[in-house]
Amino acid sequence: MTFAAAATTAILAATVLLQAAWPARRLVLVASGAALSALVVSLSGVSTTGRLLAGVPWDVLVLLVGLGLVTEVLVASRLFGLLAVRVARATRAAPGLLAFVFVLGMYAVSGVVNNLTALMLLLPVVLILFRLMGVSQRYVTWTLATLLVACNLGGAATPIGDFPAILLLGRGAMEFTEYLVRAAPLTLAALTLLLAAVFGLARPARGLAATPLSARLTVATLSAFHRGVRLDRRALLSGLLPLAGMVAAWLLVPASTGVGPELICWIGAAAALLGAGRLGERLARTRVDVEATLFLLFLFVMVGAVGETGVFRDAARLLAALPLPPTAQVAVFLVSSALLTGVFSAGPSMAALLPVAEVLAADHPPEAIYVGLALSVCAGSSLFLTAATAGPLTQALVERAGLRGEDGAPVDLGFFRFAPVGLLGFGVTLAVALVATLARL
Amino acid sequence: MPPPPHHHRSQSAVTRFIRPEEIDALLEPWVPDAEDRRFLTRCLVEEGPLHHRGANFVLLRLLGELSRAVASGPERPAPGPGLPVPMRLPPHLRPDGEDDAVYPIRLPERAVERLAPRGSRDFDAIVDCLADGPPQHAVANVLMATILDDLLRRSGR
Amino acid sequence: MSFFAPGLEDAFRTAAAELGMCSASRLFVREAASDGPDAVAELSDRLGRPFPVLDAVAAAALEGAPLRGVDPGEVLATLAGLRRLLVAGFEADFLDALVRALSGEVRVGLVRTAFLEGDWERIADNYAGRLELVEMAAFAGWAGPRSGLLTFLYGVEGAVTHVAPAWLRVAGDDVRPIFRELVGWDVLGRPMSLYPRWLTEVPAGSFTRLA
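Chains U, H and C, in that order, are what the protein sequence lines are. Each residue of the first sequence is one higher than the one before, starting from 0 at the first, in numbering that gives the first Met the number 0. Each residue of the second sequence is one higher than the one before, starting from 0 at the first, in numbering that gives the first Met the number 0. Each residue of the third sequence is one higher than the one before, starting from 0 at the first, in numbering that gives the first Met the number 0.
These are computed hints drawn from the structure, not numbers from a lab. Remember, predicted model here, so these are calculated numbers, not experimental data. Fair warning: there could be bad hints in the mix.
Said to hold, decoys possible - Chain C side only, calculated, beta carbon under 7 Å to chain H, not exhaustive:
1. G80
2. V174
3. R175
4. P176
5. R179
Every residue gets a Cβ at the ideal spot worked out from N, C-alpha and C, and that includes glycine.
The whole structure should be built from the sequences, with the hints applied where relevant.
In structure tokens:
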């Protein structure tokens, strides 16, 4: 291994670990890591800053920013708050049913918007419901941890659900329909198994001392919070119509036209913002997720620097050189991807592993490899609370909500409380990924 | 025997002699709206330090007495637009519109013109001195200047 | 057997943060009353001491006084002639009725300060653009000879009444002379019988109008 290869790999690993351990400094850390990586490859003559920047998948960033803005237009319509009220009324705030419906809802929503946005849409109202209903530590742990796993599964279900899938779409590794047709049923299968295990066996609501009057109070209070809130039809249509148009275009417009998925997203986002009028301008100025965009940009630079040194090519060759049948090699790759994701989180893992997958895809059905990778990364995202940004964010929101259990003790969602459910989600998702992928080889 | 220096009266002693309805009556010729008079009366004798409330009441009452004692004189001319008495707000918080953030009483230009020509720097400085400051000062100054100007007019000046 | 789940106090505090103490109390008492007076009595027993406004509302219900809709007629009279109305403190039932009854020419603002923080954006969303949220640093921009300040009173007992602390943050000596009216709207209609936790005593005479 050359000095540049060792140095850039070490910088990437150290930066990713540090930013996971020190999230308050994550942006500065990755920015510094990217700068160091660029310095190493420049001084060693392996590459240049210009080449690193040219190698950044800008189309992926366009997709992320564009989809984020379309989501913000939909949020401004107040749709999600009003839906939450309807759900509370329909379930009569029965804790078990409420948890089940919200898990399904999270899966559906995170298939359309990125995971963090899906969480920020649903979690505040879920936490308000918890405060109104009265909960136990057990209920919160199982419900929120399952929500997080469902969020990851939903994000992997569609090509636009979260960064790993968007990367596949943006890199042209898979077409929109192809990914959707292959990945969605698998994530649905994993979700079904998860729901059966959680609500059939663990039963989060077991032991909760709910009463009909408390349930009525919960529904009445949440309804009162939204008593005069009206759906902003203009914002709703401004968000939904372009989104529908984008999905149709992703499905129908062939890549040979030169109109790629990122351009479709760009046009759709612009249409959504234009349709929303002054709201659109305000959202464009204030609601672009600059932190996430910059984080990914610097991550791509670091991964690009490692890639330029040939580390991924060597990793793929190492994998191919393992004294195992090709099927087993793929299995090793998928399990390693899941475990690496658990440590390094989905963004860095997907960015680093995709080049290895591209090598494997030369010898195996590509769609099986890419979907398998996406699902393995999804599994890894559920392994630890810190494996995805959504985890620490959820932990912080739960703390801020000041929930208390039936004994009056504070309720939280810490690393160790999450672990059993995370392990379940990891196991179920990885099992589905392995079975589905190996069956296609 | 006069009270010793720094002998402070109780709050009730200071406010007992204040009768807001007499201030309302003093304002009536220049402030036709009853609610505006109520607001100005509150600013003059019901807000701010007690001694200012008491002082305002006494001085305005005395002017009122003098006004009743002096002959009514020629018919009062129609009041001009007058000069605004602004509320004390930070500049960036001043609401839009000319009528906003000013007290519902205007300083008659004629009163100031007795002392300095309109448009001169002295004129502007006098307006500043009269209309600036907390309302118990500014509104009291403007009302006193208005009454004094009217008294001078009625005495033929 | 209890009518309520264990987390009742947290539930009420959450409701009060976004609806106001009195409006939240009315909602809780109304729902409890559907299960009979025993439920109201239990509600009062469990939450009366920490939330004396709820204690007062529950006491009125147990005495047989029905929870009526809100009539803003009396307070509307005190606001006649105003073009801007700034509210400090929040009571959903009462502000809803007032905003519905006010002329569209009157600008209504709500100062963003409270001891129990709710979702301000959602609070404002309930008024379809009729209610503007006003930051503490900027509320003086609402001053003027046709401007009024309004807060909610929790019972008037002789010369004193109780208000949310938000009123004290806003209606200082420097602010009183730049608003034409300082209006107190009694939402409780009776003095509280328990120590007025969460609230502050002020002289009833410090308001230019009471309703």
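Hints the structure violates: just list their numbers, smallest first.
2
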